[in-house]
Amino acid sequence: MKQETSGVASDPMHQFHIAPMIPMEIGGYDVSFTNASLFLLLGAAIPAAFMLASSAKAALVPGRMQTLGETAYGFVYNMLYSSAGADGVKKFFPLVLSLFLFIFTVNMVGLFAYHFTPTSQIIVTAMMALLVFFTVIIVGFAKNGLGFLKLFVPSGIPWPLYLIVTPIEIISFFSRPLSHAVRLWANILAGHILVKVFAGFVPMMAETGAIGAIGAILPFVMTVALYALETLVAFLQAYVFTMLTCIYLNDALHAADH
154 MKQETSGVAS DPMHQFHIAP MIPMEIGGYD VSFTNASLFL LLGAAIPAAF
204 MLASSAKAAL VPGRMQTLGE TAYGFVYNML YSSAGADGVK KFFPLVLSLF
254 LFIFTVNMVG LFAYHFTPTS QIIVTAMMAL LVFFTVIIVG FAKNGLGFLK
304 LFVPSGIPWP LYLIVTPIEI ISFFSRPLSH AVRLWANILA GHILVKVFAG
354 FVPMMAETGA IGAIGAILPF VMTVALYALE TLVAFLQAYV FTMLTCIYLN
404 DALHAADH
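Quick note on numbering: the sequence shown equals residues 154 to 411 in the numbering used here.
The reader is advised that the hints may include incorrect statements.
Stated by the list, open to error - With a straight-line Cα cutoff of 30 Å, these simulated DSBU-like cross-link-like pairs (lysine-lysine) come out:
| no. | residue 1 | residue 2 |
| --- | --- | --- |
| 1 | K243 | K210 |
| 2 | K210 | K244 |
| 3 | K243 | K303 |
| 4 | K244 | K303 |
| 5 | K244 | K296 |
| 6 | K243 | K296 |
Hint data in this document are derived by calculation from the structure and do not stem from the laboratory. Just so you know, these numbers come straight off a predicted model, no measurement behind them.
Please take these sequences and the hints and turn them into a complete structure.
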(Lines of atoms letter the chains of each structure in order from A and count residues from 1; the text may use other names and numbers.)
(Lines give C-alpha, C1' and ligand atoms only; values in the text may rest on other atoms or scores of the structure.)
Protein backbone atom coordinates (compact mmCIF):
# COMPACT_ATOMS: atom_id res chain seq x y z
CA MET A 1 0.00 0.00 0.00
CA LYS A 2 2.91 2.31 0.80
CA GLN A 3 4.50 1.61 -2.58
CA GLU A 4 1.19 2.25 -4.38
CA THR A 5 0.69 5.56 -2.57
CA SER A 6 4.29 6.57 -3.26
CA GLY A 7 3.85 5.72 -6.93
CA VAL A 8 0.74 7.89 -7.19
CA ALA A 9 2.46 10.76 -5.40
CA SER A 10 5.47 10.63 -7.75
CA ASP A 11 3.39 10.29 -10.93
CA PRO A 12 3.70 13.67 -12.69
CA MET A 13 0.38 13.11 -14.50
CA HIS A 14 -1.62 12.35 -11.36
CA GLN A 15 -2.05 16.08 -10.65
CA PHE A 16 -4.20 16.41 -13.78
CA HIS A 17 -6.67 13.65 -12.92
CA ILE A 18 -10.27 14.77 -12.45
CA ALA A 19 -11.70 13.12 -9.34
CA PRO A 20 -15.32 13.27 -8.13
CA MET A 21 -15.82 14.99 -4.77
CA ILE A 22 -19.63 14.76 -4.64
CA PRO A 23 -20.86 11.92 -6.92
CA MET A 24 -24.09 12.80 -8.73
CA GLU A 25 -26.01 11.34 -11.63
CA ILE A 26 -28.95 12.84 -13.54
CA GLY A 27 -30.76 10.90 -16.24
CA GLY A 28 -27.93 8.44 -16.57
CA TYR A 29 -25.34 11.23 -16.99
CA ASP A 30 -22.49 11.72 -14.56
CA VAL A 31 -22.73 15.29 -13.24
CA SER A 32 -20.49 14.80 -10.21
CA PHE A 33 -18.97 17.79 -8.47
CA THR A 34 -15.25 17.27 -9.05
CA ASN A 35 -11.95 18.83 -8.08
CA ALA A 36 -12.11 20.63 -11.44
CA SER A 37 -15.55 22.03 -10.54
CA LEU A 38 -14.22 23.29 -7.22
CA PHE A 39 -11.25 25.14 -8.70
CA LEU A 40 -13.32 26.54 -11.56
CA LEU A 41 -15.65 28.02 -8.95
CA LEU A 42 -12.68 29.39 -7.03
CA GLY A 43 -11.38 30.91 -10.27
CA ALA A 44 -14.61 32.88 -10.51
CA ALA A 45 -15.20 33.55 -6.80
CA ILE A 46 -11.74 34.81 -5.82
CA PRO A 47 -11.53 37.58 -8.48
CA ALA A 48 -15.13 38.61 -7.77
CA ALA A 49 -14.44 38.83 -4.04
CA PHE A 50 -11.18 40.67 -4.71
CA MET A 51 -12.78 43.31 -6.95
CA LEU A 52 -15.68 43.79 -4.53
CA ALA A 53 -13.33 44.13 -1.56
CA SER A 54 -11.04 46.54 -3.40
CA SER A 55 -13.92 48.85 -4.31
CA ALA A 56 -16.01 48.50 -1.14
CA LYS A 57 -14.34 51.41 0.65
CA ALA A 58 -13.07 53.51 -2.24
CA ALA A 59 -11.13 56.54 -1.09
CA LEU A 60 -9.33 59.45 -2.71
CA VAL A 61 -6.11 58.12 -1.19
CA PRO A 62 -6.34 54.38 -1.92
CA GLY A 63 -5.31 51.70 0.49
CA ARG A 64 -3.43 48.56 -0.47
CA MET A 65 -6.47 46.59 -1.55
CA GLN A 66 -7.91 49.48 -3.57
CA THR A 67 -4.51 50.06 -5.19
CA LEU A 68 -4.30 46.42 -6.27
CA GLY A 69 -7.83 46.54 -7.66
CA GLU A 70 -7.21 49.76 -9.55
CA THR A 71 -3.92 48.39 -10.90
CA ALA A 72 -5.63 45.27 -12.27
CA TYR A 73 -8.46 47.38 -13.68
CA GLY A 74 -6.11 49.87 -15.31
CA PHE A 75 -3.82 47.17 -16.69
CA VAL A 76 -6.63 45.41 -18.54
CA TYR A 77 -8.27 48.70 -19.56
CA ASN A 78 -5.07 49.95 -21.18
CA MET A 79 -4.48 46.62 -22.89
CA LEU A 80 -7.94 46.61 -24.45
CA TYR A 81 -7.90 50.33 -25.29
CA SER A 82 -4.56 50.08 -27.09
CA SER A 83 -5.80 47.13 -29.17
CA ALA A 84 -9.48 47.87 -29.85
CA GLY A 85 -9.94 51.54 -28.96
CA ALA A 86 -12.70 53.21 -26.95
CA ASP A 87 -15.39 51.19 -28.72
CA GLY A 88 -13.69 47.97 -27.63
CA VAL A 89 -13.51 49.12 -24.01
CA LYS A 90 -17.17 50.13 -24.04
CA LYS A 91 -18.38 46.77 -25.36
CA PHE A 92 -15.91 44.18 -24.14
CA PHE A 93 -14.16 45.37 -20.99
CA PRO A 94 -16.17 43.15 -18.59
CA LEU A 95 -15.45 40.07 -20.75
CA VAL A 96 -11.74 40.79 -21.09
CA LEU A 97 -11.27 41.67 -17.41
CA SER A 98 -13.11 38.49 -16.38
CA LEU A 99 -10.94 36.33 -18.65
CA PHE A 100 -7.70 37.85 -17.39
CA LEU A 101 -8.58 37.59 -13.70
CA PHE A 102 -9.98 34.07 -14.06
CA ILE A 103 -6.94 32.70 -15.93
CA PHE A 104 -4.45 34.43 -13.64
CA THR A 105 -6.27 33.21 -10.52
CA VAL A 106 -6.53 29.54 -11.51
CA ASN A 107 -2.93 29.57 -12.72
CA MET A 108 -1.71 30.94 -9.39
CA VAL A 109 -3.93 28.75 -7.20
CA GLY A 110 -2.79 25.70 -9.16
CA LEU A 111 0.81 26.31 -8.06
CA PHE A 112 0.00 25.25 -4.51
CA ALA A 113 0.67 21.64 -3.61
CA TYR A 114 -2.27 19.23 -4.04
CA HIS A 115 -4.29 21.88 -5.86
CA PHE A 116 -5.83 21.47 -9.30
CA THR A 117 -5.18 23.75 -12.27
CA PRO A 118 -8.20 24.03 -14.63
CA THR A 119 -6.09 25.58 -17.40
CA SER A 120 -4.11 22.33 -17.59
CA GLN A 121 -7.25 20.80 -19.17
CA ILE A 122 -7.60 21.42 -22.90
CA ILE A 123 -11.41 21.43 -22.63
CA VAL A 124 -11.27 24.49 -20.35
CA THR A 125 -8.90 26.51 -22.53
CA ALA A 126 -10.77 25.40 -25.67
CA MET A 127 -14.11 26.63 -24.31
CA MET A 128 -12.62 30.03 -23.48
CA ALA A 129 -11.03 30.24 -26.93
CA LEU A 130 -14.34 29.28 -28.60
CA LEU A 131 -16.17 31.89 -26.52
CA VAL A 132 -13.85 34.55 -27.94
CA PHE A 133 -14.03 33.09 -31.46
CA PHE A 134 -17.83 33.06 -31.67
CA THR A 135 -18.04 36.47 -30.01
CA VAL A 136 -15.82 37.84 -32.78
CA ILE A 137 -17.99 36.24 -35.50
CA ILE A 138 -21.33 37.35 -34.01
CA VAL A 139 -20.20 40.89 -33.22
CA GLY A 140 -18.31 41.13 -36.50
CA PHE A 141 -21.35 40.39 -38.65
CA ALA A 142 -23.68 42.39 -36.37
CA LYS A 143 -21.54 45.53 -36.61
CA ASN A 144 -20.10 45.24 -40.12
CA GLY A 145 -22.59 43.05 -41.99
CA LEU A 146 -20.96 41.41 -44.99
CA GLY A 147 -18.16 43.95 -44.55
CA PHE A 148 -16.83 41.55 -41.92
CA LEU A 149 -15.64 39.38 -44.82
CA LYS A 150 -13.12 42.10 -45.69
CA LEU A 151 -11.10 40.55 -42.90
CA PHE A 152 -10.15 37.84 -45.40
CA VAL A 153 -9.38 40.30 -48.22
CA PRO A 154 -6.62 42.66 -47.04
CA SER A 155 -6.46 45.94 -48.92
CA GLY A 156 -3.44 47.29 -50.71
CA ILE A 157 -2.18 44.17 -52.48
CA PRO A 158 -2.32 43.32 -56.21
CA TRP A 159 -5.56 41.51 -57.02
CA PRO A 160 -3.91 38.29 -58.36
CA LEU A 161 -2.38 37.75 -54.93
CA TYR A 162 -5.87 37.49 -53.43
CA LEU A 163 -5.99 33.94 -54.85
CA ILE A 164 -3.18 33.09 -52.44
CA VAL A 165 -3.72 35.51 -49.56
CA THR A 166 -7.46 34.99 -49.06
CA PRO A 167 -7.26 31.19 -48.47
CA ILE A 168 -4.36 31.79 -46.09
CA GLU A 169 -6.38 34.40 -44.18
CA ILE A 170 -9.38 32.05 -43.95
CA ILE A 171 -7.26 29.19 -42.65
CA SER A 172 -5.53 31.53 -40.21
CA PHE A 173 -8.86 32.85 -38.92
CA PHE A 174 -10.41 29.43 -38.32
CA SER A 175 -7.26 28.10 -36.69
CA ARG A 176 -7.37 30.86 -34.08
CA PRO A 177 -9.31 28.86 -31.47
CA LEU A 178 -6.81 26.00 -31.76
CA SER A 179 -3.71 28.15 -31.27
CA HIS A 180 -5.49 30.30 -28.66
CA ALA A 181 -6.41 27.25 -26.57
CA VAL A 182 -3.29 25.14 -27.06
CA ARG A 183 -0.83 27.93 -26.20
CA LEU A 184 -2.28 28.35 -22.70
CA TRP A 185 -2.93 24.65 -22.10
CA ALA A 186 0.48 23.43 -23.30
CA ASN A 187 2.47 25.98 -21.28
CA ILE A 188 0.62 25.23 -18.04
CA LEU A 189 0.69 21.46 -18.60
CA ALA A 190 4.39 21.33 -19.46
CA GLY A 191 5.39 23.60 -16.59
CA HIS A 192 3.50 21.59 -13.99
CA ILE A 193 4.93 18.31 -15.27
CA LEU A 194 8.46 19.70 -15.14
CA VAL A 195 8.04 20.95 -11.57
CA LYS A 196 6.58 17.61 -10.48
CA VAL A 197 9.40 15.63 -12.10
CA PHE A 198 12.16 17.63 -10.40
CA ALA A 199 10.27 17.67 -7.09
CA GLY A 200 9.92 13.89 -7.31
CA PHE A 201 13.69 13.46 -7.59
CA VAL A 202 14.25 15.08 -4.18
CA PRO A 203 12.74 12.35 -1.91
CA MET A 204 13.85 9.58 -4.29
CA MET A 205 17.51 10.63 -4.03
CA ALA A 206 17.31 11.49 -0.34
CA GLU A 207 16.14 7.94 0.45
CA THR A 208 19.28 6.39 -1.07
CA GLY A 209 21.61 7.55 1.67
CA ALA A 210 23.99 10.37 2.57
CA ILE A 211 25.40 10.78 -0.94
CA GLY A 212 21.91 10.78 -2.45
CA ALA A 213 20.76 13.37 0.10
CA ILE A 214 23.60 15.67 -0.98
CA GLY A 215 22.74 15.05 -4.62
CA ALA A 216 19.11 15.90 -3.89
CA ILE A 217 20.13 19.52 -3.35
CA LEU A 218 20.34 20.08 -7.12
CA PRO A 219 16.79 18.97 -8.00
CA PHE A 220 15.55 20.87 -4.93
CA VAL A 221 17.16 24.08 -6.19
CA MET A 222 15.76 23.39 -9.67
CA THR A 223 12.29 22.88 -8.19
CA VAL A 224 12.45 26.23 -6.38
CA ALA A 225 13.69 27.94 -9.56
CA LEU A 226 10.95 26.33 -11.64
CA TYR A 227 8.31 27.44 -9.13
CA ALA A 228 9.55 31.00 -9.53
CA LEU A 229 9.43 30.61 -13.30
CA GLU A 230 5.93 29.11 -13.18
CA THR A 231 4.75 32.07 -11.12
CA LEU A 232 5.91 34.33 -13.93
CA VAL A 233 4.35 32.01 -16.52
CA ALA A 234 1.02 32.13 -14.64
CA PHE A 235 0.90 35.87 -15.26
CA LEU A 236 2.38 35.81 -18.77
CA GLN A 237 -0.05 33.21 -20.06
CA ALA A 238 -3.00 35.15 -18.67
CA TYR A 239 -1.59 38.25 -20.34
CA VAL A 240 -0.97 36.53 -23.70
CA PHE A 241 -4.43 34.94 -23.81
CA THR A 242 -6.03 38.28 -22.94
CA MET A 243 -3.93 40.26 -25.40
CA LEU A 244 -4.83 37.90 -28.24
CA THR A 245 -8.46 38.24 -27.21
CA CYS A 246 -8.17 42.03 -27.49
CA ILE A 247 -6.61 41.75 -30.96
CA TYR A 248 -9.33 39.38 -32.15
CA LEU A 249 -12.07 41.62 -30.77
CA ASN A 250 -10.55 44.53 -32.64
CA ASP A 251 -11.10 42.55 -35.85
CA ALA A 252 -14.77 42.19 -34.96
CA LEU A 253 -15.17 45.92 -34.49
CA HIS A 254 -13.05 47.19 -37.37
CA ALA A 255 -13.11 44.42 -39.99
CA ALA A 256 -14.56 46.78 -42.58
CA ASP A 257 -11.51 49.04 -42.17
CA HIS A 258 -9.06 46.34 -43.29
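Hint by hint, here is what the structure shows:
Using a Cα cut-off of 30 Å, the hinted pair K243 and K210 holds, with the two alpha carbons roughly 25 Å apart. Among the hinted pairs, K210 with K244 is consistent with the structure: their alpha-carbon atoms are about 27 Å apart, no more than 30 Å. A distance of roughly 23 Å separates the Cα atoms of K243 and K303; the hinted pair therefore holds under the 30 Å criterion. Among the hinted pairs, K244 with K303 is consistent with the structure: their alpha-carbon atoms are about 22 Å apart, no more than 30 Å.
Taken as a hint, the K244 and K296 pair is honoured in the structure, with Cα atoms around 12 Å apart against an allowance of 30 Å. Taken as a hint, the K243 and K296 pair is honoured in the structure, with Cα atoms around 14 Å apart against an allowance of 30 Å.
The structure is consistent with each of the numbered hints, conforming to all of them.
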